[in-house]
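Protein chains: 6
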Amino acid sequence: MTRRANELRPIKVKRRYTRTSPGSVLYQSGNTTVLCTASVQPDVPPWLAGKGKGWITAEYNMLPNSTSPRKRRERDGKVDGRTTEIQRLIARSLRAVADLVALGERLITVDCDVIEADGGTRTASITGGFIALVEAMNSIQKELPDPAKYPLLDSVAAISVGIVNGKPTLDLDYEQDYAATVDMNVVMTGGGRFVEIQGTGEEATFSDEDLDALLKLARRGIKDLTATQKDTLGKQWPF
Amino acid sequence: MTRRANELRPIKVKRRYTRTSPGSVLYQSGNTTVLCTASVQPDVPPWLAGKGKGWITAEYNMLPNSTSPRKRRERDGKVDGRTTEIQRLIARSLRAVADLVALGERLITVDCDVIEADGGTRTASITGGFIALVEAMNSIQKELPDPAKYPLLDSVAAISVGIVNGKPTLDLDYEQDYAATVDMNVVMTGGGRFVEIQGTGEEATFSDEDLDALLKLARRGIKDLTATQKDTLGKQWPF
Amino acid sequence: MTRRANELRPIKVKRRYTRTSPGSVLYQSGNTTVLCTASVQPDVPPWLAGKGKGWITAEYNMLPNSTSPRKRRERDGKVDGRTTEIQRLIARSLRAVADLVALGERLITVDCDVIEADGGTRTASITGGFIALVEAMNSIQKELPDPAKYPLLDSVAAISVGIVNGKPTLDLDYEQDYAATVDMNVVMTGGGRFVEIQGTGEEATFSDEDLDALLKLARRGIKDLTATQKDTLGKQWPF
Amino acid sequence: MTRRANELRPIKVKRRYTRTSPGSVLYQSGNTTVLCTASVQPDVPPWLAGKGKGWITAEYNMLPNSTSPRKRRERDGKVDGRTTEIQRLIARSLRAVADLVALGERLITVDCDVIEADGGTRTASITGGFIALVEAMNSIQKELPDPAKYPLLDSVAAISVGIVNGKPTLDLDYEQDYAATVDMNVVMTGGGRFVEIQGTGEEATFSDEDLDALLKLARRGIKDLTATQKDTLGKQWPF
Amino acid sequence: MTRRANELRPIKVKRRYTRTSPGSVLYQSGNTTVLCTASVQPDVPPWLAGKGKGWITAEYNMLPNSTSPRKRRERDGKVDGRTTEIQRLIARSLRAVADLVALGERLITVDCDVIEADGGTRTASITGGFIALVEAMNSIQKELPDPAKYPLLDSVAAISVGIVNGKPTLDLDYEQDYAATVDMNVVMTGGGRFVEIQGTGEEATFSDEDLDALLKLARRGIKDLTATQKDTLGKQWPF
Amino acid sequence: MTRRANELRPIKVKRRYTRTSPGSVLYQSGNTTVLCTASVQPDVPPWLAGKGKGWITAEYNMLPNSTSPRKRRERDGKVDGRTTEIQRLIARSLRAVADLVALGERLITVDCDVIEADGGTRTASITGGFIALVEAMNSIQKELPDPAKYPLLDSVAAISVGIVNGKPTLDLDYEQDYAATVDMNVVMTGGGRFVEIQGTGEEATFSDEDLDALLKLARRGIKDLTATQKDTLGKQWPF
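Chains as they are written, first to last, in the numbering used here: chain Z, 2 to 240; chain X, 2 to 240; chain S, 2 to 240; chain R, 2 to 240; chain E, 2 to 240; chain F, 2 to 240.
Rather than coming from a laboratory, the hints here were simulated on the basis of the structure. There's no promise every hint is true.
You can't tell identical chains apart in this list, so a pair holds if it fits in one copy or across any two.
[Said to hold, decoys possible] With a straight-line cut-off of 20 angstroms between C-alpha atoms, the simulated EDC-like cross-links for lysine to aspartate or glutamate are:
#, residue 1, residue 2
1, LYS224, ASP155
2, LYS224, ASP209
3, LYS15, ASP232
4, LYS231, ASP155
5, LYS150, GLU106
6, LYS52, GLU203
7, LYS168, GLU210
8, LYS13, ASP232
9, LYS72, ASP174
10, LYS54, GLU203
11, LYS150, GLU204
12, LYS72, ASP44
13, LYS54, GLU204
14, LYS236, ASP155
Generate coordinates for the entire structure from the input sequences, incorporating the hints supplied.
Dropping the structure here:
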């Protein structure tokens, strides 16, 4: 692979991939492929009922053969910690740019099913999931409490950065992620504000200078991803 | 839909859909889409260890947005009865044409993940799963106990038939299945022998004549499906 | 064993075996013994509420020492696939002869607990379960929406057939079932119509001629079972 | 019911009720019926392996229609507290009269399945379970480490007593148990020594005099139960 | 340890240990430490709703490092039999001295978390739990249906006794409990009446004389514990 | 509360809180109290066996009455997402300063049980857990592969920061955490390097300047916490 340390992997996006949900996006970044579908349900979870607000949740799942060797299905009542963390991150990221009051009392679920995994599945889920979310929002625009008040305030995208062989690197694939001493996922809005920063030393630590270099790379990647989201949605782009 | 009662829905098959498993087939029949992937594991389940035989198993799963409204994931430890029945049927059907001794002590798992559902997902899983199984078998041919002895004896395919509005009908889509008073799944070999017949009256019963008409239709459908399997595999076709 | 290939095993039925449920039948076929009890609950499952219809469900269970070696209880939240399939089959078979509207909004549960197993437990559960179901129906006849409209339209019984040592055989015991290359369960009404056909090649396949021979045997067995059901119920026989 | 406060209910015992386990006893006390079966497994639980001792365990279960209204099966992974307590009590009681070293490294499981419940199911399980245990012990006598050393040292039986309408009462049926302010289960050996005393005030308390009266009644009941066990086993009685 | 066979271990009690629940007691008996907290919830379990009565329940839990080697947390859906038995005993013991009608429709939960275990954790939970229960009762006294009617009728405490090296012994620590051939837990009211007696021979049996000696010791211990409870609560003592 | 925005809450630490584990620390920060205990087990998880490395894991749990209203115990097999995330964070943080090869093939488990919660329980668990970890390490120093090679390379501590009412604030208590628009947990070594940064906008976003201000505050807090850890451990301080 001759990709440079400050380059994203090539991205392909197919919208309307299935007919059965209002938002349906096949998002590919290099050899990572995630099917992001967004569905709308007419009521909110019990703890939110009657508060005049909607909710956005997310589920993340790797198909068994998205990775090799085959990964066991999470069917026995024990969803593993990594899955739980990832789907909470996706949902928080999407809610950070949402106006839940403008959404009205409904639940949007963004399902991210990984078809093929080569690193960066959680960030692909956020970036692709946002596109599916826009499709779902647009499909219910006429039924909103105030159709003139769009329930999304900005776009959101995510990318990984890390220190690989001592070098700050953008958009880690599986091998790079495995070799990285520091691994950071950054979620940002189209407007350039942070939503989440999750930086972790894997049996290692990092300095202030490392942090600065990583954030700079991430900002650059997010800018490109936002442009891709805008292109893909075309006239459906809400901002 | 102007399809006639004795016609199959249009079929599309993409082989090598993902890189992460030796068998990987996207099988579409009308609006039903199933991703069938087959992986090979170097050891058999404990109860079969040391018997000089391999094993073939299957898992079936509907993605949440493969259907509308969204279907809850089976993550809480309770795989429902329908899922269990279907994956047992898929596995039995594939084993019926296999020579498990020729396979040697290894486990092949055929995963059938439904991307979009419009009736006939279990029969699509068998027909598409067989293609993925052949790909997986071919990938390990040199490592078999006797490379000259192929571990599959015949092909296998499946189709649904039923009585819809009093009329025997081939290859039911979701609406037809819902309206059917009798519903039958037939699994047959390329050589024209039965592997499974599962006929069910849904709060209804059926006569000997009904049974004959349904089996005739099924036999016709299976013949066409076998031809499609052969075309798709081309030089990989083992028989 | 000197039973001929077209003969049923000897049958014994005890009605009113326990006092705690309106239907209670100890059904013995050779060395297979199943306790079938039917209870009535005054409301239907949530998904059926308010639709003016009743429901019939079934549960199947093998006592640990009904077989040797002892079978583990299904207490850990994982009811196995075989159990699930069998209890769904029993329930569908009983509903096929029921008029659920005539039953009114109540739930009948038919519990089939295997005391001793020697093959044919699922078909014994259907044949004996039908007798318990009649007892339960008769116990609530005065409370039905229209007491003149009996909620059962026909009787139902079930038998296994199979190909053992190349020979079509009726009513397989455990040893015959183990040796069979083809195994088929047939559920029929007293009136001679099919309710279910489940034929399976066990790592084998079967021809049209095999199918015909097996269905002929099954039809003969069902006729005898229906006569036994009628004798057992005497004046309680509803047709 | 004209039974006096110091009388046992009538008892019926059928030995060799099923052919599939070495110990198999249908034990009836009034309208309470328990099927007690004992099976032998050639190895002990992991924590006991290699210590030259055997183990005796028990499982208790009420069939759904043993009581009215129907009781839900304990299949969802949550065995209720009452069931757990009862099966621990049964197992401890049987072990109290066993010589586990004389048994050798094997596991005996005594399964107590309640066919019909009218109070006293746990004490019936112990009294009937002991008979099944003797049958199982006798079936393996030749394979014991020292065939001359019998692995049971005494017999054991159990009975309930309680204060009903202010009066000490023996062998409570369901209605009496429900009305009792104090409820006590007593497990004793044939030789007249205590194995377990479990006395409970149900939103009530009791005095020293109450305790004395209850223990006196229990001792009398156990004596009769021991005689019944001896009669039933005849020449199989080991002491 | 020079404690005599008829002496209690030294007791320390800290009230108001945490600010987050109305009753909060750190109860230490020798090296056994239990945190007993009582909380009040404004509604009763569904099965008690609308009956004008309250309810008292209890939960018991050992922290993983309360014992050595570390005990696994009960997080996988399988609360073990011992835990279930203990928390049922604690709750029954506390309810035996309560006037649930005077409590009104509310639920009190007494949580007993073992910080350090050296035998006698269940009896410490009852004795300490009663103090937390009084604190909780006092915190809601003004909101009771009839503030003049106190919802506790007497105090309750518990102690273990057993036969260790052939000698009746009071208040067994872990080592004594392990060595005991007979083990008995006695729960009594401040007024000297029995609430529960649970005596068990551990692969052993006991005589009438043994029983008398053990009950005498227990009565003596309970008297001292009641005095400690009264001292600790001071003006909060309700009787 | 008159604490300033750049001040830590008062801290109290009790070492050797229980006798049953080598590391046992009661850590209090304001009204947050966590019991951190560290135990050593002589073997590693299966996936690490034979690799000549040890492992450090952590479990986090809130006692039911550590918060008001009472929190349900996580006993039904579903550990919630928040718990999972926290215990993974604690374990990663401790491993980041460990030399797992120097530890040898053993497993250290750090249990963090929250006795009382008022915000900052995860950071208290890390800061207090490190002290317990040192105690455990010191207890096994002589048994290490190379007793001269200490298995910890630096100290680690953690603190929360956030934006409350528009103002960057150190060490958020529950009320501040609830009011914060941005919430960040920072884990750092005694040497001033980052281990983890987890910053989250709660339905909000944040700028580069916000990030700088928060990290500055966190660095100041960590310095004070490191000093407290050193004071507490006194001569046991390993660096």
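Consistency of the hints with the structure:
In this assembly of identical chains, the alpha carbons of LYS224 and ASP155 lie at most 20 angstroms apart only when taken from the same copy (13 angstroms versus 38 angstroms across copies). Taking identical chains as interchangeable, the C-alpha atoms of LYS224 and ASP209 lie at most 20 angstroms apart only when they sit on different chains, with a minimum of 15 angstroms there against 23 angstroms within one chain. When the C-alpha separation of LYS15 and ASP232 is checked against a cutoff of 20 angstroms, the pair qualifies only within one copy, where the shortest distance is 12 angstroms, while the shortest distance between copies is 28 angstroms. Taking identical chains as interchangeable, the C-alpha atoms of LYS231 and ASP155 lie at most 20 angstroms apart only when both belong to the same chain, with a minimum of 12 angstroms there against 46 angstroms between chains.
In this assembly of identical chains, the alpha carbons of LYS150 and GLU106 lie at most 20 angstroms apart only when taken from the same copy (15 angstroms versus 46 angstroms across copies). Taking the closest pair of Cα atoms, LYS52 and GLU203 come within 20 angstroms of each other only across two copies (18 angstroms); inside a single copy the shortest separation is 42 angstroms, beyond that limit. Proximity of LYS168 to GLU210 under the C-alpha cut-off of 20 angstroms is restricted to the intra-copy arrangement: shortest distance 12 angstroms within a copy versus 25 angstroms between copies. Within a single copy, LYS13 and ASP232 get their C-alpha atoms as close as 11 angstroms, which meets the 20 angstroms cut-off; across copies the closest is 29 angstroms, which misses it.
Taking the shortest alpha-carbon separations for LYS72 and ASP174, only the intra-copy value of 18 angstroms comes in at or below 20 angstroms, while the best inter-copy value is 32 angstroms. For a Cα distance limit of 20 angstroms, the shortest separation of LYS54 from GLU203 across copies, 15 angstroms, qualifies, whereas the shortest one inside one copy, 39 angstroms, does not. In this homomeric assembly, LYS150 and GLU204 come within 20 angstroms of each other (Cα to Cα) only across copies, at 17 angstroms, whereas the closest approach inside a single copy is 47 angstroms. Taking the shortest alpha-carbon separations for LYS72 and ASP44, only the inter-copy value of 15 angstroms comes in at or below 20 angstroms, while the best intra-copy value is 34 angstroms.
Taking the shortest Cα distances, LYS54 and GLU204 sit within 20 angstroms of each other only across copies (13 angstroms), while inside one copy they are farther apart (42 angstroms). In the homo-oligomer, the alpha carbons of LYS236 and ASP155 lie at most 20 angstroms apart inside one protomer (16 angstroms), although the nearest pairing across protomers, at 52 angstroms, exceeds that limit.
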